[in-house]
Each structure stands twice: as structure tokens, then as C-alpha cells.
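A.B. asks: Read off the chains here:
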Amino acid sequence: MKIKERKQDGIAIIEMSGKLMGGPDAATFAETIKTLIHEGNLNILVDLGKVNWVNSTGLGILISGYSTVKKNGGDLKLLHVSDRIESIFMVSKLHTVFTSFDNEDEAIRSFA
Amino acid sequence: MSDPNRTHHVELKIPSLLVFLGVPDAILMELAGDLPAPQKTIDELSTSVIEACTNAMEHGNAMSADVGVELHFDFSPDRIEVTVLDSGPGFDHDSWKPPEDLMRERGRGITIMREFTDELHFERAEDGRFCVRLLKHLCSD
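Protein chains in written order, with my numbering: chain A, 1 to 112; chain B, 1001 to 1141.
Rather than coming from a laboratory, the hints here were simulated on the basis of the structure.
Treat the hints loosely; a few may be bogus.
To be verified - A few chain A residues that face chain B, going by a derived Cβ cut-off under 8 Å, partial list only:
{"no.": "1", "residue": "Met21"}
{"no.": "2", "residue": "Ser56"}
{"no.": "3", "residue": "Thr57"}
{"no.": "4", "residue": "Gly60"}
{"no.": "5", "residue": "His80"}
{"no.": "6", "residue": "Arg84"}
{"no.": "7", "residue": "Ser87"}
{"no.": "8", "residue": "Ile88"}
{"no.": "9", "residue": "Phe89"}
{"no.": "10", "residue": "Ser92"}
{"no.": "11", "residue": "Lys93"}
{"no.": "12", "residue": "Val97"}
Said to hold, decoys possible - Below, a list of computed lysine to aspartate or glutamate pairs in the EDC-like style, where the Cα atoms sit at most 16 Å apart:
{"no.": "13", "chain 1": "A", "residue 1": "Lys2", "chain 2": "A", "residue 2": "Glu31"}
{"no.": "14", "chain 1": "A", "residue 1": "Lys93", "chain 2": "B", "residue 2": "Asp1101"}
{"no.": "15", "chain 1": "A", "residue 1": "Lys93", "chain 2": "B", "residue 2": "Glu1123"}
Think of the CB as a built atom: it goes at the ideal place given N, C-alpha and C, for glycine as much as any other residue.
With the hints as extra help, turn the sequences into a complete structure.
C.D. replies: See the structure below:
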């Protein structure tokens, strides 16, 4: 998994690519979230558009990040969730937890 | 597959390292275009195989890189069966129930496999290895 960060209209966007599957990915993502929060970025959009697949351990990474952001008074939403990944969210009922968007502008406006 | 009426058997052995989880996925995705099934069917099977391999590496082989996870792919005209073998003790799958905490960080793999396969079997192979058998029927839209 690779991570890139950027900001758009005050929202921190984490662009993930590759496979989200646990192992070192967990620490990398947790550290990214922690640093963003420490810098005052409480609204975070995670772009999964370039993620090929997610396994159940990868879901745990996203849940951990979501919980951390929520505990600090912020919000974490998802962008560009593929049909394959969306189906995993559905069967694990996590679509009731995560808000996801297909359009970046719409996602950014939702934090207002 | 050049002859849709033939069956094909593929075997693969991967080290118990997470980085190799993409290999069985790559095999299924490479063949997806030639199989008489919608992409969604192959995606669901591949996601299930990744879960079975994740469990085999973590719980079966304790992430020991020297202990392999063996996969057998059996392609038939109307179905794909994938068998995943590890060297662990297995688990009491009959009494397993999914944890209820929606925000738990682990414990979703079996639920995903159950939802995404047409048949899921946890067995002991003749040589004593733990074995997960995943079956998906192929049907075009």
C-alpha cells in the first residue's frame, strides 16, 4: 500500500493505492492519521480509488482510523470506493458506518 | 479458456507473507475475461480466497515465511473450486459466530467467505493439513 497526502479547501485527503491488507499498512495509516490530527486536520477524506482490493484486516485499518478521528472530534469519509470494495462494506455492514462519495467536490462540501 | 468444456487444475504454493496475498488474486483476475461469469462473481471468489489465505498465513502458519500456503484451483465449465491448505490446527468452525461489535478491527474474514461463496467447507486433509474449500458457481448474466 502507498499513501499520498494533499489538502483541498481545508480538507486533508489521503490517497491510498495498491492493496490494503494489514501488516505494516496498519502502522503507516495510523501514523498518517495521528500526524494529521496533531497538525489540526480533523476532517479527513480517504481516497480508495487506486486500491485494488481490501481484506478483512484492511477493513480493520480503516475502522481504527475512523475511530481515532471520531474520538478527536473529527470525521473520516471515503472517496472513490470501487464496486468490489463496496460489496465488502455491504456484507460486513460497514456501509452503515462509513460515508462514501464518488465525487471529490461533493465529498469536500459534505464536511461543511 | 480455449475449450469451455474442459476442466483445468492449477496448483500454487506461496510463502506465509502478506505480500503474496495478491498472487491468487492475480491468477483469478487474469483468467476472469475468459471465464463464463460476470466480473462480480470472480471478484467475490477472489476476495474470499484472499480471506482464506490471510487466515492460513496468520492463524495456520503463524506468519512463518518458510511454511507455505498451498492453493488448488479447479476450473470447470460451470464452477470454480479453490482449496487452501495450511499447517495449523484449524478451529472450531461449527460453533463459530461472528462477533457483534460493528467497530471491531478483526473477525470478519469468515463472514465475508460465507457471504461470497456458494459453498464453504472447513476440513482436514488426508495428510493432516487444515483445508478450506471454497466453491463458486459460474453463471453468465
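A.B. asks: The structure should be examined with respect to each hint, and the outcome stated for every one.
C.D. replies: Hints and how they fare:
1. Met21: Holds: closest Cβ of chain B sits about 5 Å from Met21/A, inside 8 Å.
2. Ser56: Given a least distance of 4 Å, the restraint on Ser56/A holds.
3. Thr57: holds, 6 Å
4. Gly60: holds, 3 Å
5. His80: violated, 16 Å
6. Arg84: holds, 4 Å
7. Ser87: holds, 7 Å
8. Ile88: holds, 6 Å
9. Phe89: violated, 11 Å
10. Ser92: This hint holds: Ser92/A lies near chain B, its Cβ roughly 5 Å from the closest one there, short of 8 Å.
11. Lys93: holds, 6 Å
12. Val97: Interface hint status for Val97/A: holds (7 Å vs cutoff 8 Å).
13. Lys2/A <-> Glu31/A: holds, 13 Å
14. Lys93/A <-> Asp1101/B: holds, 11 Å
15. Lys93/A <-> Glu1123/B: violated, 28 Å
Hints 5, 9 and 15 from the list above are not met by this structure, while the remaining hints are.
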